[in-house]
Amino acid sequence: MPLIFSMEGGKMSKRDKAKTARARCLADGHSAAALAARTGLDEALLADFLAKKTDDVEIALAIGAALKLELPEIDVVDFRAAGYLPEALVNFLALLGWNAGVGDRELYTLDELGEAFSLDRVGSTAARFDRDKLRWMNGLYIRQASDERLLLACGSTPASTTRPWRRPRMTPCSSSSRCTRSGRRPCVSSTSPRASSLSARRSGAPRSPSRSSSSTGAACPTSPPPARPSPPRPTGARRRWRPWCTPSLEARCDGKLGEIAQPLRIAVSGGPVSPPLFGVLALLGKDESLARIDACAARFGASA
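This note's numbering numbers the first residue of the sequence shown as 3 and each following residue consecutively.
Derived from the structure by calculation, the hints contain no laboratory data.
For every residue, glycine included, the Cβ atom is placed at its ideal position computed from N, Cα and C.
Keep in mind that the hints are not guaranteed to be accurate.
[What the hints assert, rightly or not] Derived DEER-like restraints, expressed as beta-carbon distance ranges:
no.	residue 1	residue 2	range
1	P74	N101	23 to 33 Å
2	E150	K54	47 to 57 Å
3	D44	N101	45 to 55 Å
[Said to hold, decoys possible] With a cut-off of at most 30 Å between alpha-carbon atoms, the simulated DSSO-like pairs for lysine-lysine come out as follows:
no.	residue 1	residue 2
4	K16	K135
5	K54	K70
6	K54	K21
7	K135	K21
8	K55	K70
9	K21	K55
10	K13	K135
11	K16	K70
12	K13	K70
13	K16	K55
14	K21	K70
15	K13	K55
16	K54	K13
17	K16	K54
Turn these sequences into a full structure, and let the hints steer you where they fit.
Next comes the structure, spelled out in structure tokens:
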């Protein structure tokens, strides 16, 4: 049976996380004392880690969290938390050291893999775990998947427990009654078709801050976008707009928001990139949308 090596030619293991964290620390000149202050870990342990006397994964994870490093996925839970579909990962792994002998075909369902597999097609040459190819394959599976499949996958993808530094400061909104399985469908449908992982698709979804600035968890950035106005507070007339749905909102604004579009997007979604803005407003609902706009406008002193 062929071995599976990393693209650098070494055997894949949990030590890869330690190697990545250590290399970054040394390249950036982080001392054990500085790392101890940022991670809360014992300085002597960190000194041993930097000196390659230990490859403790927990130390690597703590450093990754403190320095916001991207450590390589190794365990199955890592790939799940990073947004890889199980069917894509299984397909990719099946082709490491084996091929069906039918030309350049690379996409197989689990049933097709079972039917095509035979030991005589297993090679003896070591395979390389090409992460770029895995991302490409995962992107294909995501683009071919139905909205229902992606909703199911997004709902079952856990917050990373082994990669806490990947948790965004803004967490997916959950307090709004609109954020149901059916309510998330517009975000799944309209996010980037070029996404190579579910986490990339989720990065454009509306988010609310982990520490709410209002009772409803209104999203608000740390600072306003440069050279742009803050979102205006909704007037009484706007608060009475009914129905609060995408077609109605588009009609009232004539499909245009002008220079307030980007500040408004940041106020309601927590970032400069999101699905179509009117759809986000409809998804969040009137109360949640207005609360987020109020919180952002209050922080940056927008007039009524």
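Verification of the hints:
no., hint, in the structure
1, P74 with N101: 23 to 33 Å, "25 Å, holds"
2, E150 with K54: 47 to 57 Å, "48 Å, holds"
3, D44 with N101: 45 to 55 Å, "49 Å, holds"
4, K16 with K135, "21 Å, holds"
5, K54 with K70, "21 Å, holds"
6, K54 with K21, "9 Å, holds"
7, K135 with K21, "22 Å, holds"
8, K55 with K70, "23 Å, holds"
9, K21 with K55, "12 Å, holds"
10, K13 with K135, "18 Å, holds"
11, K16 with K70, "18 Å, holds"
12, K13 with K70, "25 Å, holds"
13, K16 with K55, "15 Å, holds"
14, K21 with K70, "15 Å, holds"
15, K13 with K55, "19 Å, holds"
16, K54 with K13, "17 Å, holds"
17, K16 with K54, "14 Å, holds"
Violated hints for the displayed structure: none, as all numbered hints are satisfied.
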